[in-house]
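Take a look at the letters that make up each chain.
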Amino acid sequence: MLAQPFPLSDYAAILPLTIVATTPLMILLLDLILPKGAPRRDAAVAVGIAGLLLAAYVLVRQYLAHQFAPAFGFGFILGGFSIAFSLIVVAAAIFSLLMVLPQRDDEKVGPSCALMLWSAAGAMLMAGAGDLMTIFLGLEILSLALYCLCGMVLRASPVRLREARESALKYLILSSMASGFMLYGMALLFGATGSVNLAALQAIPAGNPVFAMGCGLFMIGVAFKLGLVPFHVWMPDVFEGAPLPVTAFMSVVTKAGMLAVFARFLYGVLGTDHQALIVPVWIVAGLSMLVGNLAALSQIDMKRLLAYSGIAQLGYIVAALAGTSTLGMRYALFYLGAYTFMNLGAFAVVALISRDQEEDSHLSAFSGLGTRHPLLAAAMAFFLLSLAGLPPTAGFIGKILILASTVAAGYQWLAWLLIAGTAISVYVYIKIVRAMYVPVDLAHIREIRPLSYAPWIAVAVCAVATIALGIYPAALHDVLPRIR
Amino acid sequence: MGIEGQYPLLFLIWLAPFAGAIVIWALGPKLKSWSGPIGCAAIGVSFVATLASWADAVRSGPAGATTVVGAHQTMVTWIKGFALGLLWDPLTLVWTLIITGVGFLIHFYSMGYMHGDRGYPRFFAYMNFFVFAMLTLVLADNFVVLLVGWGLVGLASFFLIGFWFERPSAVAAATKAFVMNVVGDVGILFAIFILVAVVGSVSFADAFAGVQAHAYNGQLLFIACAALFVGCAAKSAQVPLHSWLPDAMEGPTPVSALIHAATMVTAGVYLIARCWPMWQGSADARELVGVIGGLTALLGAILGIGQWDIKRILAYSTMSQIGYMIMGVGVGAYDGGVLHFFTHAFFKAQLFLTAGIVIHALHNEQDVRRMGGLRAREPFAFWSMLVATLSICGFPPLAGFFSKDAVVYETLVKGHPVLYAIGVLTAGITAYYMFRMVFITFFGTYRGEIDPSSLGIRHPELAGTSAGLLKHPHDEAAPHEEHAPAWLMTAPVAVLFVGTIFAGFLDLGGTNSFWYGLLQPVFGATIAPVEGAAPFSELASSALVFIVVLAGIGLAYLRYGSTAALRDSVARLRNESIRMFPLLTNAFYFDAAIDALFVRPSRAFGTFFGVVVDPLVIDGAVREARVSALWLGHLFRSFQTGLVRAYALTIVFGAAAFIVYYAVVGAH
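So the sequences go chain by chain: A and B. Letter 252 of the first sequence, counting from 1, is numbered 316 in our numbering, and no numbers are missing. Letter 210 of the second sequence, counting from 1, is numbered 204 in our numbering, and no numbers are missing.
Just so you know, these hints were derived from the structure itself, not from any lab. Only true hints are included.
Incomplete in silico selection of chain B near chain A, CB under 7 Å:
#: 1; residue: Y641
#: 2; residue: I645
#: 3; residue: A649
#: 4; residue: F652
From a predicted model like this one, the values you see are computed outputs, not experimental measurements. Backbone N, C-alpha and C define an ideal beta-carbon position, used for all residues, glycine too.
Please model the complete structure; the sequences and the hints are all you need to start from.
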């Protein structure tokens, strides 16, 4: 007879996750009950955000109460680390949900919201994953929902729909391939140690060829999901093809989830003893800073541009971990938080300037924005300055911190690549700022009519956070947890 | 530094002007003429709070810790290890007294001077904002907030120089001042980098403790001091970054009095006095600052001889007097340098405000050649100008006598005979050009009705403000009968008389003086008098300076004030205008040199980027990308599956590289 296998506290540990995973059921139920039209759409988004806020509340309570403990036999590790990543995922999901509203397709808003929440639940599982099984479980929950989301374009022309489906299919194929590599890596790791538990993997001595190869294949999966060069090739196409809220969601949530896994593997398993086993990741991170920014130079579509800039930004974050120092972890988390605000803020602006009720992310949509919508343009300017790493924004402080950590860890070459990448990126972002403020003949510009003003909330929150963290970084930096 | 605690009054001092600025800014159009009194009230509150906090500033710490003086309040921890706070010690007190006290008087004066101007509320918003920025600078307990204040005063100065933005010359002057000041900001930023690298902190206390602990090697400390001094030189108009100051006279006269004479331009003096432990640690840095200060004092005085615009004469005299202060704090005479700042604030504010009264009475005439004989017409202005001029010349027992002689004599005590000679010589030249102005302006007969060309004024329209052809905008808006009551402008000047005459007495009595007692806890033994270091006594030195000053005044009298000179003043002025050395009229060609060395090359660089790199390389890339994207788009549409295969191939290549690496690493 099976007694209750796990104590009740284990279930309490995954309470936020459970909330995020069950809220979609309510959304789908309401979708059936409520009449078509505005109530149904608004209810889906409102319930989704309410669920996420509740989860965030529980997360904060857990953090303040120091309820840090492994649950389910080290399958899920509740701690400052998992809570920080989960909060970032939850925040990103809330901002993305706000961007769903401007689309007007009653059939798809509810399911979109539900899938997004499930995907977020997968990322939260990854954030707390303590063994290889949970990692893979979280990764697949995250990805499966995203494959569907990429194809679900709301209110689309046939051409747009075909693009979206194409992007979904590409994502499915390439991501499956990466999952294959990763799974094989996990199998080798299991073979080398006889355990799937990360804590048990830690005990393996250096110089085990099976373990090394397992690590290598595992890292390929990591690099693919983080979109590091040369495993980034899927990102621009998928980001451009997917609906805007989904692109925004992916740009943060997949990255946060995988970054949590990578950091836990790096700090928990490899530690400082196995530095040789991670060198390729630093190299691809350095490559990403250069290639991502160089490729972004010639982009004319905002989503595609942000995809390339995201490749570079993830390069920066990974570089912060070089040297496996405690401070590096904090700085990476700080930058990830800053990236969440500045990147999603930029996406929210794109969501707001869509013209004629059609999603429009072409760069020309930004020309003259400074005259038409001074506030929106000012917010966008701050997001772009932050992405470029200029003061007085969060991105500036984040980059300084990362530079400090890479140099202190002895990875000067990464620091130089970061500086070079930043120099290139300034041109990428400032060009958009210039386009917004160069005087244009307004008669030639179609008026923008956003369908909903909900993304304004995201823009406002992100703008305040981006500037506040730039002026007073201690606000976030002091609460960042140390990890074991 | 300072006794840690809660000092809510400091926040009141600091933020009252800010609140005033915000209120006037936001409600300006509604407040109209009320914005003046509100602006004054904000500064007044700040001044009263300053007086009320006096005791905190001079309170010394617990027994045994005699070097701890004043108050210190922590505000926030910016980043871990970088706490920001407010500092309140005698040095800050001196500056705050001037900023809020003289600031209040100048605000009051402005109610009369700016009366009827279209930008009246805007003016007071800017002025309040300036006071807030300047207080930020002097209240900071660390280099970061100091730099913020440093930048903000530059911004406020930019706004106020360009206050009459309808005039192209005002906009150009504002831009020039701002650019030169940013050069200085970069210098300070660089110094902050060095400090963070060496002591890992930006607070004054840690930076100076680092000097005492020999954390710097001598070279590095010198570089840090020199970088700081770049900022000082730009802000305090020291050679070669001085040329923005005369141009800054494009702003309204109260602005010149407050910002470009009494307070902002002395920020460099403050910074050096504040960072005195760094300067004490580096003899080279003291040498550098002393020499630059002496050069500036001399150069400013020489250039003052060749000016015809009353405000430009005063601007060059400001530059020269700040040269004295910088020379003083540079050689290590911190108390003397700070005292000269203190007295200078009174008499220079009085000079400017009096000049403002004259300019106002003559309907914006600023060229002294078109003045003359104003003694009978404006007796108050005459006596005010005369007393303030005597004070700036160092005529005993007026305020300027004590402070200037203290600085000049200290250079000798600290072992700089050449600087001493420069100081004495400059005092003579100062007396000459100041009395030249007084004689031309107030003696003889009024020349305002004479044809400008017969006075040697060429191209009056090109000289900007010189012939009064460009009226203040408020002249068009409001006719003259709407002038504000005269006491609004004379009352503040009357109050300034007190400081101009008596401020120097604070220094009377050597080590028993009030001034020494106030500053000794800050500077410690460095300002203690040294016996026998100089070949002759301070009294002998004062006598020497006095003789030189009398000679300067006598020369000015012979050339401009004697009955013979006054009889044919028109012809003499005309002659002088025409025969003026080109070196003087072109201000030693500093602007031309800066233009040739920096402005033109950087403009060419910018043009290169704007005309060549941007359109051809970057935009070209975009255009190419668009073409290729269109082309690729067609290609991709026909080979969709092929594309995924290509992507997969890329990933496999990457994976193969990974696998090879891990196989090799694993084998070892």
